[in-house]
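Asks: Listed here are the chains, written in short residue letters.
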Amino acid sequence: MHTEGVDERVRGVLSALLNLPLDRVPLDGSREALEEWDSLKHMHLVLALEEEFGIEFDDDEVSSLATVGDLARAIEKKRAAAGGR
Amino acid sequence: MTSQGATTANRDRAEAGAESYPTVFAAVARMEKAAEKFADEISFLFLRNVTIEGIDVYLKYHLFNAGIRPRIEIGGYGTMNQDVLSPDGPLARGDPDVIVLALDPYEADPSCGLPGWKSERLRAELESLFELLATRTRATVAIHTFIAPTYRELGLIVDPHGGDLTSQIAALNSFVIDYVRQHAPRFCLLDWDRYVRMLGVDAAMDQRGRYLWGAPFRRPFLALYAQQLSRVACALKGRAKKCLVLDCDNTLWGGVIGEDGIDGIQLDPAQYPGKVFSAFQASVLHLFERGVLIALCSKNNEADVFEVLDRHAGSRLKRSHLVAWRINWDDKVSNLMALAEELNLGLDSFVFVDDNPVECGLIRELLPQVSVLEVPAKLHELPQLLFRDGLFDTLQLTDEDRSRARLYQGETQRKGVRAAFADIDEYLRSLETVALIQEVRHQDISRVAQLTQKTNQFNLTTRRYADPEIRAFAERPDCAVYSLTARDRFGTLGLVGVMIVTLAERVGRVDTLLLSCRALGRRLEDVMVVNCLRDFAASHPVDHWEAEYIATKRNEQVANYWPRLGFSPIASSDGRTSYRRIATAAFEAPPSHVTVEKE
Numbered sequence: 001m002h003t004e005g006v007d008e009r010v011r012g013v014l015s016a017l018l019n020l021p022l023d024r025v026p027l028d029g030s031r032e033a034l035e036e037w038d039s040l041k042h043m044h045l046v047l048a049l050e051e052e053f054g055i056e057f058d059d060d061e062v063s064s065l066a067t068v069g070d071l072a073r074a075i076e077k078k079r080a081a082a083g084g085r
Numbered sequence: 086m087t088s089q090g091a092t093t094a095n096r097d098r099a100e101a102g103a104e105s106y107p108t109v110f111a112a113v114a115r116m117e118k119a120a121e122k123f124a125d126e127i128s129f130l131f132l133r134n135v136t137i138e139g140i141d142v143y144l145k146y147h148l149f150n151a152g153i154r155p156r157i158e159i160g161g162y163g164t165m166n167q168d169v170l171s172p173d174g175p176l177a178r179g180d181p182d183v184i185v186l187a188l189d190p191y192e193a194d195p196s197c198g199l200p201g202w203k204s205e206r207l208r209a210e211l212e213s214l215f216e217l218l219a220t221r222t223r224a225t226v227a228i229h230t231f232i233a234p235t236y237r238e239l240g241l242i243v244d245p246h247g248g249d250l251t252s253q254i255a256a257l258n259s260f261v262i263d264y265v266r267q268h269a270p271r272f273c274l275l276d277w278d279r280y281v282r283m284l285g286v287d288a289a290m291d292q293r294g295r296y297l298w299g300a301p302f303r304r305p306f307l308a309l310y311a312q313q314l315s316r317v318a319c320a321l322k323g324r325a326k327k328c329l330v331l332d333c334d335n336t337l338w339g340g341v342i343g344e345d346g347i348d349g350i351q352l353d354p355a356q357y358p359g360k361v362f363s364a365f366q367a368s369v370l371h372l373f374e375r376g377v378l379i380a381l382c383s384k385n386n387e388a389d390v391f392e393v394l395d396r397h398a399g400s401r402l403k404r405s406h407l408v409a410w411r412i413n414w415d416d417k418v419s420n421l422m423a424l425a426e427e428l429n430l431g432l433d434s435f436v437f438v439d440d441n442p443v444e445c446g447l448i449r450e451l452l453p454q455v456s457v458l459e460v461p462a463k464l465h466e467l468p469q470l471l472f473r474d475g476l477f478d479t480l481q482l483t484d485e486d487r488s489r490a491r492l493y494q495g496e497t498q499r500k501g502v503r504a505a506f507a508d509i510d511e512y513l514r515s516l517e518t519v520a521l522i523q524e525v526r527h528q529d530i531s532r533v534a535q536l537t538q539k540t541n542q543f544n545l546t547t548r549r550y551a552d553p554e555i556r557a558f559a560e561r562p563d564c565a566v567y568s569l570t571a572r573d574r575f576g577t578l579g580l581v582g583v584m585i586v587t588l589a590e591r592v593g594r595v596d597t598l599l600l601s602c603r604a605l606g607r608r609l610e611d612v613m614v615v616n617c618l619r620d621f622a623a624s625h626p627v628d629h630w631e632a633e634y635i636a637t638k639r640n641e642q643v644a645n646y647w648p649r650l651g652f653s654p655i656a657s658s659d660g661r662t663s664y665r666r667i668a669t670a671a672f673e674a675p676p677s678h679v680t681v682e683k684e
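Note that the protein sequences, when read in sequence, are chains Y and B. Residue 1 is where the first sequence starts when you use our numbering, and the numbers rise one by one after that. Residue 86 is where the second sequence starts when you use our numbering, and the numbers rise one by one after that.
FYI, nobody ran anything at the bench for these hints, they're computed from the structure. You may find that some hints are simply not true.
Listed next, the in silico SDA-like pairs over lysine to any residue satisfying Cα-Cα at most 25 Å (straight line) [as the list claims (entries may be wrong)]:
1. Y:K41 / B:V142
2. Y:K41 / B:R115
3. Y:K41 / B:N134
To give a feel for the contact side, a few chain Y residues facing chain B, derived at Cβ under 10 Å [claimed, not checked]:
4. A16
5. L17
6. L20
7. L40
8. M43
9. L47
10. A48
11. S63
Quantities reported herein were computed from a predicted structural model and do not represent experimental measurements. Don't be surprised by glycine CBs; every beta carbon is placed ideally from N, CA and C.
Okay, chain B solo, but in the shape it has when bound (with noise of 0.2 Å):
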């Protein structure tokens, strides 16, 4: 996140709960002028048959929090396969990052709502236009549930055959939901039937408006579904944090280990207030499944805190969940940067849960990229806090995700054994690593576009991609995407390393070149540089490379990466540096203690 926004996030944040439309209006007015300078922007096209407008305000207002600057196009009222097909439509004057479907059945099929009406005609339309979308754009699609009538037309009858409205409005959305499923990350729900039992009904919808401009939406529907579209742009553009860390006494458990004994706290799953610990510990749960790395920052006694995990009957927790933990006297601050070190992951890919407010105060003040929860006044909410901001949101969970946990552990056991070795070389070599390079494959898109939108070290050009342009990429003839897979004798990396090269007049031109932090330190960027640039010359005509460094407030370690391969620079403007190197002259071999495998 830019520090503009971060800092225009805490002031406006107390307005943000009003959500009066008034203040908000004023606040993006506010907050437009330092927008300009953000670095990360989003598009966003609807298209529609309903009056949304309002909407643009609200989306603005999240993402400038988010330190996003967002465009936003409002298609014709109606018109939504026109405005995809039209040569002068906008979605030919725009490439928009992601389209948002905001469809009233109602509108789209007059007879919807009629006696004996069926969806199936309506759901054929809906699946032709995600079809048309899939095929003729690149953008991320977001399509939306409908909303259950809140009246039943047959009164106390249930229909027999099911031809009542609620049924086919319910037969529509496990369409669209079943559609998602299959089609994730391309396309994602928003769950419009959900934000209305969230409000309730009387605060979500406008019947007047519905009927006098088509506007069927109150505000406060307009501003929970424009929070939601800013998750999917926080999701696209990488802001997904990466890592929960928490404290333990009153934010795992009530009570306080050291005086309390693990008899004394309470965590029990049937009571107050140990059911409500014991909720937050299933969330933990949830999120460790979504393959986010939880770690314990706490000042206690480790034996004691470890006593719960492993021996305690009511902790969901356990050991072999944690990724690291620092539970000592020292200060937090100090604490969570050991973290960041020791996981090899930047502070704003951090959340902390602590009950203390001084704790709490003190990360805010010190260390303002991390995102500091405090467990709330109101203890029952607790269980939800983890998920209330969305701060975990991805679009899709990737296998990598699934298996991080496992593979940061085996880091955890290398650097044990690092400490063992005379020097850096015999390390390495007793590692045994194996990098297998080869063509993306099919399977392997989501996770190499994932890399490219959060790897923010070792990334050459900090270019962020989604998946239908990494396929776009990967199905051109001259140009080639490049995926590194690693493993060593503790286990296996992933997929660590991506590399896409383009051809333009016999100019191989490296695009983008990124390893995971996970895989920094044994020289797999230059077994990666080397056998790609081979292959790619193998079977295209290049005269020359050139290469890119553009820098971020990330990425300085590979600031002179180019120059140690034998490039030279060629021209350098606004921290980007091009490079070029005669295609001919051969490289210094690769470090040797890596097998190269290639399909």
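Isolated chain Y, as found in the complex (with noise of 0.2 Å):
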């Protein structure tokens, strides 16, 4: 499993969707600590993350998920669920 991709790779679209640099948004970074991280950017967010993946999350994740790991640990899942590309 590709786990360090991924990570990284979340990371690098939420950096450039909120115009921070890296270091600026951790695996733990979260929509509570980062005010950028606002709901609308969080729309932008899941939209460019299920391009990028090729997934889709389900409604209710959509809301629920609030952390950089736990967007990765999802999209993970899901792709681990489709075959693992």
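Put the two chains together into one complex, using the hints given.
Replies: What follows is the structure, given as structure tokens:
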């Protein structure tokens, strides 16, 4: 499993979207801690990650996933279920 | 178009096709810096009750590529009326050029979609919002059709009374379309319902987004919507192309006339591939009707080409549609430059169509101002080619547009006559020019605005105005908008001159002075200045006149215009020179070869 790869890619997408340097979006960075990560940015983030990884988050996940790490884990799970591309 | 815009456009065009959000996002970030230097700016205010965020990136993308720098503000969610009326709302803070309405009927009317719902109440609300915007702003208002439901709540049944949702939305849409019909160019239409048909409902609409975020549109929809809005902006900025220059062999018909002969070329409307070329010619005629000038530039024997246009039963394009042609064996770069000179147009208002990639490449390389369209390898795409990029889009057809080809054909006759005269004065007298100078009439406001948007060469200040601004000038007591309409023995030239004068503290200031390129060379400008200033002074207290020259890439020919009329320079910086003149000093008599009429 490409754990590191997914983490890094999620951080990359988030840093581009929030216009923050990579070190400001660590794995434990959360919606609560990062004020730039507002609900609108969250919508863009969800859509960008779905595009990037070719997955679709469940409706409930969209609102519950709240840290960089949560997102990466959820993406890995989906990719594993889809055959671990 | 600025050169930065043009080069960026070429580099990033490839990415536009994919239109994946991250790529567009990155392209915009890259262009942001260069865009700060663009001369053209346009401001948008979105009034909405849906989440439309993300569209700003696509809008910037398209406008950067056109060399225009947008300012985009998105109003509060569902607070359209407050945004318009509130004294500290976005409308009060800014003065947008374009107001975009983006309304979800389900949000605007909570009972929308319930059994027995009627659209009347929503229609009344829309109408009052439209009227509010028309009276409170000077903006062009972009309104939209609503998206017809893809399911039918009655199943197979057709409601005999039209009470079903589909029929109600359709009624709402006819109201919206009709409103634009009656209020263009102040209002323009963004056809959401058509975008969904073009993209397919699954690519366009996002049910999850609608319920989770109030964001019913997928990105392809936002991308298309933004592209269409960018066309509105380009039309407002006078970017519409004016002249279509066509190659002949394998562009207007299939085959080579010099080799295949009139009976051998493919132009049969009943049979492929003639059918495709026939449909392409129909597209050309549509542009002719919109006032686009049609010209030919091809390597052929002239007689062969005109044999097709005059005699081939399948040729919808006739000699009478053409404003000019260069059918010879010279290189097309020289020919296009000669056409531009003959028509008095900038090359940046030309669109060139050719099937030969080498010719296309040469023009792109040597005349980058010209928009080049290559006949597509998939020939069936040819008939749509001219409409694909919205190159000729304007917000309204004026009477001038409809008769433009005739006006220019008169000009060709005039040029023929000029050659026969020994000197220019004799020629000018022979034209028997009559100039009608008057304060702008209601029905001429659109044409006057259009001239401020399109005139580049004889334009002292190049201030671009939309209809509402011209109307506002005309209504101010301390201000006058004059128009000049000319005719001569060959026919009418139409409304070709505009002058705007404002008054402040006994100084009359020339805000705008411009003359359409087809009226140049007969000193109509002098006739206009002298008569308008005299008229203005008769009804306003004026001690001094002030005027300006603002340099652009295209108006160098008028750099020394004001000194010629006895104005003295008083300040100069950044390509901007101000002049002043005592109002009581008499002007030199305007040229006698022009007869002046006043209303």
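Asks: With reference to the structure, classify each hint as holding or not holding.
Replies: How the hints compare with the structure:
1. Y:K41 / B:V142: Cα-Cα ~13 Å, so holds.
2. Y:K41 / B:R115: holds, 20 Å
3. Y:K41 / B:N134: OK: Y:K41 and B:N134 at ~18 Å, within 25 Å.
4. A16: holds, 7 Å
5. L17: holds, 8 Å
6. L20: Not OK, violated: Y:L20 not within 10 Å of chain B, min 14 Å.
7. L40: With Cβ-Cβ at 5 Å, under 10 Å, it holds.
8. M43: holds, 5 Å
9. L47: With Cβ-Cβ at 7 Å, under 10 Å, it holds.
10. A48: It holds, given that the least Cβ distance between Y:A48 and chain B is near 6 Å, below 10 Å.
11. S63: At 7 Å from the nearest chain B Cβ, Y:S63 passes the 10 Å test, so the hint holds.
Consistency with the previously given hints fails for number 6 only.
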